[in-house]
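2 protein chains.
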Amino acid sequence: MSTIESSAPTEATAPLAPSTPPEADDSMIATTDAGPTLDVAALGQQLMGRWADSRRASRELMRTEAFHRIPTHGMDDHRERVLGQLKLLVERGDVHRAFPAEFGGDDDHGGFIASFEELVLGDPSMQIKSGVQWGLYASAILHLGTAPHHQAWLPDALDLTTPGAFAMTETGHGSDVSAVGTTATYDSATDEWVIHTPFRAAWKDYLGNAALHGKAAVVFAQLITRGVNHGVHAFYVPLRDEKGAFLPGIGGEDDGLKGGLNGIDNGRLHFSSVRVPRTNLLNRYGDVDENGVYTSPIESPGRRFFTMLGTLVQGRVSLDGAVTVASKLAMTIAIRYGTERRQFDGGDENEVVLLDYQRHQRRLLPRLAQTYAMSFAHEVFLEKFDAVFSGRTDTDADREDLETLAAALKSLSTWNALDIIQEAREACGGQGFLAANRLTQLRADLDIYATFEGDNNVLLQLVAKRLLTDYSRAFAKADAGVMAHYVADQVNEAVVHRSGLRRLAQSVADFGSTARSVGYVRDTASQRQLLTDRVETMVAELAGKLRSASKLPRPQAAALFNRHQNALIETAKAHGELLQWEAFTEALETIEHEGNRQVLTWLRDLFGLGLIEKNLAWYVIHGRLSDHRAQAITDYIDDRLLPRLRPHARALTDAFEFAPEHIRADIAKGEEQARQDEARDYYAELRRAGLAPIDEKDLLAAKKARR
Amino acid sequence: MSTIESSAPTEATAPLAPSTPPEADDSMIATTDAGPTLDVAALGQQLMGRWADSRRASRELMRTEAFHRIPTHGMDDHRERVLGQLKLLVERGDVHRAFPAEFGGDDDHGGFIASFEELVLGDPSMQIKSGVQWGLYASAILHLGTAPHHQAWLPDALDLTTPGAFAMTETGHGSDVSAVGTTATYDSATDEWVIHTPFRAAWKDYLGNAALHGKAAVVFAQLITRGVNHGVHAFYVPLRDEKGAFLPGIGGEDDGLKGGLNGIDNGRLHFSSVRVPRTNLLNRYGDVDENGVYTSPIESPGRRFFTMLGTLVQGRVSLDGAVTVASKLAMTIAIRYGTERRQFDGGDENEVVLLDYQRHQRRLLPRLAQTYAMSFAHEVFLEKFDAVFSGRTDTDADREDLETLAAALKSLSTWNALDIIQEAREACGGQGFLAANRLTQLRADLDIYATFEGDNNVLLQLVAKRLLTDYSRAFAKADAGVMAHYVADQVNEAVVHRSGLRRLAQSVADFGSTARSVGYVRDTASQRQLLTDRVETMVAELAGKLRSASKLPRPQAAALFNRHQNALIETAKAHGELLQWEAFTEALETIEHEGNRQVLTWLRDLFGLGLIEKNLAWYVIHGRLSDHRAQAITDYIDDRLLPRLRPHARALTDAFEFAPEHIRADIAKGEEQARQDEARDYYAELRRAGLAPIDEKDLLAAKKARR
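Residue numbers (our numbering), protein chains in the order written: chain R, 55 to 761; chain U, 55 to 761.
In case anyone wonders, no lab produced these hints; they're calculated from the structure.
Don't take each hint at face value.
Any copy will do: because identical chains look the same in the list, a pair fits if it lies in one copy or spans two.
As the list claims (entries may be wrong) - Once the Cα atoms are required to be at most 27 Å apart in a straight line, the calculated DSS-like pairs of lysine-lysine come out as:
#, residue 1, residue 2
1, 751, 605
2, 438, 141
3, 605, 519
4, 297, 519
Same shape as in the complex, but just chain R:
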C-alpha cells in the first residue's frame, strides 16, 4: 500500500536516516556524494534583488539601537519613541526618495519601497507609521493632488513638520470605501467645502497619527455639489493647532491599546461642518470650479474611483515586502535554535538536534521554502510596481495587472507570514514565548497586516473577479471554432473525470513503480502543468456556474455569487500560489552557481509539491493524479526532499544576511549551543573521573542478568 520502502533517502545527509545504497536518480543535476554546497554570498545577493543597495543601506541603519523596539515599553513611551524614529529617518533624508526631484527626491519608487520594507527589522510600528506618513498621507497629496498642493503641503509632510493622517476608513466602512458616510458639500456662497460626519458609523477610525501627532489629514468624503454626489474624493483638512488642540469642529478619540503596533497612535476623527477652501480638494482626478461645476478627466465614476485608489497600491507592495523580511527573520531564529537545541536521547547516548527530527523538518523546511517563494514573488511585484510608477510601462492594463498582483500577493504573504512566525514560535517552545526572542511580538505586530490595506478575503475576491473577467474576455474574442474546441474539452474533461478513465489508465501505467510516478510530478514542467491546470479548471468551473449571473436581477446575481464565494476565494488563492511558484521557478533559471541551483531546486520542489499535497484531493478527484502518484508525493517530500534540504537549512537562512543587531533574539546567538556543550562536557568529565552515579535502570538490568 505504501511506497516508503522503495523510496528511502538516497543521501547520508539525514543524521537519523540509515544510509541506504543510492538508487538511480533522474535528477538533471549531478551531485557529489557529499551533496551540493551553497554559495551563501551569491544566494544572498540574489535574494537582495534589484534594489540591493537600498535594502543594504536601510539594513545598515536598522543596526542602530535607536531604531530598535524596546519590548517593555508601554503604549505611551512606545508612541513617542516611534515618532522620534521617524524624525531620525527624516534627518537621514531617505524618506524623500520616491518623491519628485523638486521636493528633494529622485523618483526612485522601487528603491524607496525596498528600503522602507526593511524598517520592519527595527520595529514594525516604525514601518507602519512611516507608511502612514509618507506612503499614504504624503503620497495622497502627491498622487491625488496637483502642483499647488504639492508646493503647499508636500515639504512639511516629507520633513514631518506636519504629521498627517490618512482619513479613509470609517468605523462603519472599511473594505467598502465607496460607501463612506463623510460628506464634503460645496458651498458656493463662501467657495468652501463643508466636511461633515453625519452619524457615528461615519467617524474616521483606525487612523495612524490621528490620536496624537496628526496636524492635518487627507480626508476621503463623498463630494457633493449642486445636489449631485460625485463619489469619494480626497480633501486636505488641517486637524490641530500648534499646541496640538483640535481645530474648531473637529473631534476624535484614541483607539487605545491594540493587539500590536502600539507604537502608532491610531485614533478616530469626526467633523462637524468643518470648512476648508475649495482648493483643498485634491483635484487631479476631479475638480469643482467656483460655480460648483464638477469636472473630471475620467468620465466613469467607477473607473475614476478605482484610479484614485490605485495610486495607493504601494501600501500593499510594501506590506508584501515587509512580511517577507519578517518571515526571513522568524525562520532565521527558529532554524538557528533548531540546529543547536537537543532534546530526547537518540538511542546512542546523544540527545537529538531538533531539526534532525522529521516532524521538525516538516514544520520548518516547507515554511522556509514558502519564505523563499515570497521573496522571489515580491521581487517580481516590486519590479512591476516600479515599472508602472516610474512611467516606464504605465498603461491601464499595467495598472490593472499591478492591482491584481497586489491583491493576490499581499493576501497570501500576510497570511503566510503569520503561519511562519507562529510555527517558528512553537518550534522554539518556551523560549519562543519570551519577549527576548522576539517571535511573539513580531507576530502580534503583523497580525493586523491580514486585514488592513484591504482585508485578505476581500482582496482575493477582487483577484477572482479579474480571473473571471479575463476568462470571459477570452471567450468574447474567441471564434466559433475555439469555442467548440473548448466545449469539447469540457465535455471530455467531464467524461474522463466521471468515469475515472484517465486516472485508471495512469494507475495501470504507474503500478508498482514509485520512482517513475514521482518522477512525473517532480520536474518543473509537470509541477507547472498541475498548478496551472488547477487554476484554469477552477476558473472555468466557476465561470460555468456564474454564467447566468449577467441575466439575473442584481439581488439574485449577488445571491448566485455568494453561493460560490468560498470557491471564488479558493480559486484566487490557487492563482496567487501559482504566481509565487512561477516567481520561484523563474529565479532558478538565473542561478549560475551549481550548488545553489540544486539546493534551490529542491526547495522549489518542496514548495511546489507542498502546494499539490495541500490540494491533493482536488487533483485525485479531478483525475489529475492517480492514487499512486498522489501517495508518492508525500513520501517524496518526507523521504527525499526533507533529508536533502536538512543539511542546508542553516545556510539557507544565512543567505538572508541578517546582522546580529537585526536578529536580536537570545536563542539565535549561539547561547544554546554553548549550554549544550557545557552540559555535555560536564557529563563527559564526570564519567572520565569515575564520579558519574550508576543509573538504577542499569543496576536492575545487571541484577536481572545475574539471576
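Starting from the known structure of chain R, fit chain U onto it as the hints suggest.
Here is chain U on its own, set in the frame of chain R:
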C-alpha cells in the same frame, strides 16, 4: 462535473440564497418550513455539564471587576494585580475544594477543575498562576508527599502564605523531564539532601512564582544516593526569606516580558549545593532512610517516573477546559459582531450582514462546531479525571487511559483554540485588533498553551505510541485464526485499494445521484465508520512499517521511528479528532428537545464532514470515498449545512451563557447594531425629506437613456 445545481439549499434560511422548492430529504427529524427552534436554556444546561454548579459559581465570581484583566497594565502592575486576585480566591475558599477534608477541602476533583477553568474569563494569567499554586505546587505536595508533608506545608500552600514554584522544567530540558540536570545527592553525614545545579542548562526555567513571589519550590532533581541515580524525584526547597531575599545558595533571574500571561512572574532558579533535610523528599513513590538506602513501592524506575508525573495530569485537564471556555468567548464575540455588522451592497440597497456571506459562514460556523466538539469532549475527559482521582475507578489501566486522553485532547484543543480565536479576530477586522475587543490579548495569552504542560507535538507522539501498543497487544492475544483473518483483511484491503475495485463499485452505484451519495456520508454510522476506519488503517499501516523496530539496535530503531514521525503524529491527531467526534455524537443522544437535537445534529455533521473534507485525499486515495461522494461532501457543507445553521448561529453562542461582564468586548454589546440603525435612519430620513443628493452614476445612466 459539479453537483452544486442539484443540491441547492432546501430552506429559505439563507438570506442570500434564492428559495428553491424543498426536495425530498431523508433527515430523520421532521422540521417545519421555518426550521427548528432552539431551547437555549436547555442547551446551556447541557453545555455546563455535570459540574454546572461549580462552573456557575465561578462565573458569578468572574463578573466582579476585581478579577478582570486591565489591558493597559504593564508587566509589573499586572503581576501585582494577579497576586491580589489569588488572595481574593483564597478568601472565597474555593481553592481548597480538591484537597482532603482535613485541609478544608471536600475531595471534589471535577468541581475544582471545572470552577478553575472558568477563571480564564477574568484573566488567563490568573488561571495559570492559580494553576501553578494549587494545581502544581500544592498538588505535588499532596500527591507526591505523605502525611507529614501535607501537615507541614499544605495549609500555607493553600492559603497562599507560601506562594510556591513548581520547579520541574529546566532551560535545557522541557519535554524530556527525565533528563533534567539538577541533582539531589544524599549526604548521610548530615542526613541532608544537597540540591545542586551543575551547569547553566540545568537552571530551572519558566517557573511561575519564581521571579518574585515564590517562597518555596517543589524541585525536581535526579535523586542520587550511595552512588546510584534513582531518577527524577521531587524535593521541597525553601526559596526566599520573609523579606523576599533568596536563601543562601539560591539564585535566579526574571524571565521578563513574555508574549502573553504577563500577570505571572515566570523566572529561573539555580541551586549551589543547597542543603535541605532528608525528609524534604516528597516520598510517596520513593524514599531514602538515614543510611541512604533507597526504597520504592514501584520497582520499575520507568513506571515509577510516569506514575509520579501522572499525578499531575490535572494541568492538562484544566488547559483543555480553559481553552474551550476561551473559544466559546471568541466565538460569541465574532458571531455577535458578524450578525450585526454590514458591508457591501447586496444588490437591493441594503448592505449585507457579514454572516450572510458564504465565506464568513465557512470561516465561523465550522469553528463553532469545533468549539461544541471541544466542550463535549472536555466533559468526557473531566468525568474520567474525576473517576480516577476520586478513586472510583482508579486502576493502572484507567490512569493510562486518562493520560492518553489528556495528551490527545490537550494538544488538539489548545491548537484549535488558537485557530478559533485568530479567525474570530480576523472576522472582526480592525475592531478585532483593538484591545477593547479582547481577542488579540486572549490569543496572546493562550499561545503558550500549545507548548507548555507538554509540547503538543510531543504529547501526540505519546498518543501514537499508545495506539501502537494497543494494536500490538491485540495481536499478542490473538490466536492464529484471528491473525489469519486479519491478514486476509489486510491483503484484501491492499488488493481492493491498489486495484481501485471498491471505489469503482461505489462510483458506479453513485453515478448521477448526488442525494444518495451525500446521504451515505451524512448519517452518524457512516461518519463513524469513515473516521474510525481512517484511524485504524493509519495505525495498522504504521505498525507494519515499524514492525522491524523491536529487532533493531536502538539507534536504528530510533531512526526508523523518526522516518515515520510525521505519520505518527498525524495518526494521533486523527485519533483525537475521532474522540472529539464521538463525544459530540454521544451528547446528541442525550438531547430531549427536538429542535436542539436537530440543530446540534447539523452542527455535529458540520464537524464530522469537516474532518472528512480536511482529509479528503486520504479517503479517496484509500478507496473509502468515490470521487463523486468526495466532491459531494464540500457541496453538502456549503449548500446545506451552512445555510441551515446560519439562523441559529447567534443562539448557539447564547447557549454559552456568558454575562456581559464575561464578554467585555465593545463590539459584542450591540453598539454596531445601533450604529447601523442610526446610519440607515439617517439615509432614510434624507430620502424622505428629498435632501439626498443624486448619485452621479444615476445621472449618467439617465443621460444615456435620454440619448
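Outcome of the hint check:
For a Cα distance limit of 27 Å, the shortest separation of residue 751 from residue 605 across copies, 21 Å, qualifies, whereas the shortest one inside one copy, 79 Å, does not. Taking the closest pair of Cα atoms, residue 438 and residue 141 never come within 27 Å of each other, the shortest separation being 30 Å inside a single copy and 61 Å across copies. Only within a single protomer do residue 605 and residue 519 lie at most 27 Å apart by alpha-carbon distance; the minimum there is 17 Å, versus 59 Å between protomers. For the homomeric pair residue 297 and residue 519, neither the shortest alpha-carbon distance inside one copy (48 Å) nor that between copies (68 Å) is at most 27 Å.
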